[in-house]
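J.: Residue numbers (my numbering), protein chains in the order written: chain A, 1 to 582; chain B, 1001 to 1079.
A portion of the hints provided could be inaccurate.
Claimed, not checked - Some chain B residues judged to face chain A by a derived CB distance under 10 Å, without partners named:
{"#": "1", "residue": "Leu1014"}
{"#": "2", "residue": "Gly1017"}
{"#": "3", "residue": "Ala1018"}
{"#": "4", "residue": "Ser1020"}
{"#": "5", "residue": "Leu1021"}
{"#": "6", "residue": "Pro1022"}
{"#": "7", "residue": "Trp1032"}
{"#": "8", "residue": "Ala1060"}
{"#": "9", "residue": "Thr1063"}
{"#": "10", "residue": "Gly1064"}
{"#": "11", "residue": "Gly1068"}
{"#": "12", "residue": "Phe1074"}
{"#": "13", "residue": "Trp1075"}
{"#": "14", "residue": "Phe1077"}
{"#": "15", "residue": "Leu1078"}
Because the hints were derived from the structure by calculation, they are not lab data.
Virtual Cβ for every residue (Gly too), placed ideally from N, Cα, C.
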Amino acid sequence: MRRTIARGVAVAVLVVVAAFTYPGAFVVSIVVRLTPAVMSPASGSPGGLVWLHVAHVSGMTPFIADEDGQRVLLHGAIPAGLIDFWSGTDYSVTNPPPYYPMDPAAYDGKCPANSSVIATPPLCQDDIRRMAALGFNSVRLPMSWSLLEPERGKFSELYLDRVAQVVRWAHDEGMYVILDMHQNAYSRYVGRADPAPLGGQKISLRYYTGAPAWATITDGLPSIWYSNTRELNPAAFEATTNFWYNRDGIQDEYIATVAHVMQRFKDDGTVAGISVYNEPQPGWDLSPGFEDLLLFPFYRRMIDAITGLHDGLPCPTGVFMPAPCGYPDLGVHDTRHLVFLDSGWLREVTDFPTHLGLPITSYPNVVLGIHAYTHVFTIEHFIDQKTPPDKASYPWGGYDQTYYWGEREARAIGAALFVTEFGNDPGLDSIELASQLREQELHLTGFAFWTWMENCGTPPYGVFEGIDCNTTGPQPSSGCIRQERAAMLASVYPEASSDPNLTYSYDAASGFFTMRASGRAGDHATFIVVPANVTGSITAGGAVAGEPSVTQIGEGRLITVVPAGGVFTVNVAAAPLAPFAC
Amino acid sequence: MLRFVRDRGATPALVLGALSLPFGLLAPFAIWSGSRSLRRIRSSGGQVTGAWSAGLGLAAGITGLAFGIGGIVFWLFLS
Chain A
1 MRRTIARGVA VAVLVVVAAF TYPGAFVVSI VVRLTPAVMS PASGSPGGLV
51 WLHVAHVSGM TPFIADEDGQ RVLLHGAIPA GLIDFWSGTD YSVTNPPPYY
101 PMDPAAYDGK CPANSSVIAT PPLCQDDIRR MAALGFNSVR LPMSWSLLEP
151 ERGKFSELYL DRVAQVVRWA HDEGMYVILD MHQNAYSRYV GRADPAPLGG
201 QKISLRYYTG APAWATITDG LPSIWYSNTR ELNPAAFEAT TNFWYNRDGI
251 QDEYIATVAH VMQRFKDDGT VAGISVYNEP QPGWDLSPGF EDLLLFPFYR
301 RMIDAITGLH DGLPCPTGVF MPAPCGYPDL GVHDTRHLVF LDSGWLREVT
351 DFPTHLGLPI TSYPNVVLGI HAYTHVFTIE HFIDQKTPPD KASYPWGGYD
401 QTYYWGEREA RAIGAALFVT EFGNDPGLDS IELASQLREQ ELHLTGFAFW
451 TWMENCGTPP YGVFEGIDCN TTGPQPSSGC IRQERAAMLA SVYPEASSDP
501 NLTYSYDAAS GFFTMRASGR AGDHATFIVV PANVTGSITA GGAVAGEPSV
551 TQIGEGRLIT VVPAGGVFTV NVAAAPLAPF AC
Chain B
1001 MLRFVRDRGA TPALVLGALS LPFGLLAPFA IWSGSRSLRR IRSSGGQVTG
1051 AWSAGLGLAA GITGLAFGIG GIVFWLFLS
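Required output: the full structure, derived from the provided sequences and hints.
T.: Quick look at the structure:
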C-alpha cells in the first residue's frame, strides 16, 4: 500500500513538473499559435494619428503597419527626463526624492533647470520639437515604476498627467509615442554596501532605476558591483529574481501598473504602444529557462491582463505563476496598441538568441524589441575593451548578426522587429552608428536611439554634447548638437509604403538617398521623410503616377509618390548638408 | 534468505528525469541513466529493485527530449 502511494506521488510530481515547465509551455505555445487572432477595428480617434498595428503577411517577417496596411518605419530617440534616476553628490544617500518636478505646470512654456547631479536633463516641449526637426516620427518615452506606483496600490495620477503632457506634445508634432516601462539593474532602491564585501566594489546608484522601494526585495544581499558593471550586483540579482517569481505579489502589482497606464491611453492613437519591461535581466536564473519559463510567460500574462485575452491557463495570482499561466482580465480591453517585448539581457550582450522563443499569445500586435549594442555592450567588448570594433572577433556575423537572428526570433514569435535601443560612444559613430543604421535599412527596421540627451558620462551618449560636470549649479539641458551624429540619425527614410519589401539606402555624408519599390495602380502613396538638413533635389522614375509631390513639413520635406503599377524609384540627389543649429 | 538491493542508478535516473523537464539538456543523461538501471534490474533475476523509479526517470527523460526536439523543430518551422 505504502509503495503504491509513493509511486502515485512520484507520477503526480512528474506530471505537475511537466505541466509547469517546457512540456506545458510548449503545449500552450501550440494552442496560441492555432488560436485565431482578435483583430480590433483600428479607426482613428478624431484629430489623432492613425493607429498602428502589426501586419502578418505570409512568408514575411511581420511588420508595423498603418490603417491602410502600409509598412511604417518609426525613427526616434529616447529622452530620459521622466526616468526616476538617483540624484545627488553624496553616494551614501541612497533614497533621494525624485529630482525633477512632476507637475506638468512646471513644463508649460518653460523648462526646469538641468544639473549634473542627475544623469539626464528634464524633458521639455522644445525637445520634442527638435526631434521632429530631425525628421523623427516617434519618441520612446521611458517611465519609472517607482514614480507610477510610489506606494503599493496607489498610482500617481500626477506622473501620468506628466506622461500625457509629453504625449500631447508629440501629437502636436505628428509623432508617435512608445511608452517604455524602463528599468536598469532593477531599481535605484537596491541600496549601497559601504565598505563593499565579497571582493566587490562600491557602486554608484546614478544609473539604477525601475522598481519602487517597496517592491525591491534584496534579502539582505550586498549591493555592490563587479567589473564596474551596473548589472553585476548581487542585490539587483536577488531583487530581480524575486520579481520573476512574484515574491509577495510584486509582479501582480507591476502588471496592474501597466494596465493602469494603458487604461489612461487606451483610446489614444498617438501612443503607438508600450514596451512592457525594458532590458529584462535574468537575476539568478539561466538561459534558456529564464526566457522560456519566466520572461515570455510574464509577457503573455501582461498581454492577457491589458487586452482581456485568455491565452494562458487560469492560475491563482499573488503567488509564483508557472510558464503556462495566463492572467485575469483587468478590464482595460486595449486591443489596438502595439506591445513591445524586449528580448532578455543575455541576448543583448551576445547578439544571439539565448532561447528558442515560440508564440506566447494570440494577440497580433506584438513587436520584438532588440537592443543593438554590438561592440558596445556585447560580451567580447566586456572581456577586451582595447580591441577596436572593426577588429573584434565577435559577433561572428558582425553587425548583421543581431538583426538576422532578431528577424528569425520575431517570425517564430509572430512579432514585428524593432530596435528599442541602440547607441554608442560618439567617437565611434563612423563605425558603430553607421553600421547599425545600415543594418536597419537592410532589415527595414525602425529604431529608438539611446539617448536624446545625457549630462555626464565617459562620454555622454546623447545626440547632444553633455554639460559641465564640474559644477552642480543650474545649467541648460545640454551642450550643442553633435553635428555628425545628428546628420546620421536625421536620415531620409520611407515612413510608409504599400510595398513591404522595398529597399532603400541613405548616405549621411553626401545626403544621397535612393529607394526602389513596386506597387499596383491604386495602391496607397509612399511617403518619404526628408529632414531639413538634406537639401538635394528629388526625382522619381519608373511606374509612378505624375510627379512626386513635395510638402513642406516644418523645415523638412515630405515626398509623396503614387505608384502607377510596377517598379518605381525615388532619389534625393547628393547635396551639401545644412548644419543644425546648436 | 534473499536480500533485495535497490539499484544505485534508479533514484538518480528519476531525479535527472524530473530535472530534464525544466532543463532539457539533462534529458539524454536521464535516458542513459534510466535505461542502464532498468537493464541491470531486469538481468538481476528479481534481486535488484527500483524499476519503477528508473522507468519513470526514463519516461521523463524521453518526454524532456521529445519536447526539446519538438520545440527546436517548431522554432525552425516558424522562423
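J.: Confirm or reject each hint.
T.: Hints versus structure:
1. Leu1014: 7 Å, holds
2. Gly1017: Nearest chain A Cβ about 7 Å off; hint holds.
3. Ala1018: With Cβ-Cβ at 6 Å, under 10 Å, it holds.
4. Ser1020: 9 Å, holds
5. Leu1021: Since the shortest Cβ distance to chain A is 5 Å, the answer is holds.
6. Pro1022: 4 Å, holds
7. Trp1032: 18 Å, violated
8. Ala1060: 5 Å, holds
9. Thr1063: Check passed: Cβ of B/Thr1063 comes within 6 Å of chain A, closer than 10 Å.
10. Gly1064: 7 Å, holds
11. Gly1068: The hint holds - B/Gly1068 has a Cβ within 10 Å of chain A, the shortest such distance being about 7 Å.
12. Phe1074: Nearest chain A Cβ about 6 Å off; hint holds.
13. Trp1075: 4 Å, holds
14. Phe1077: 9 Å, holds
15. Leu1078: Nearest chain A Cβ about 4 Å off; hint holds.
Hint 7 from the list above is the single one not met by this structure.
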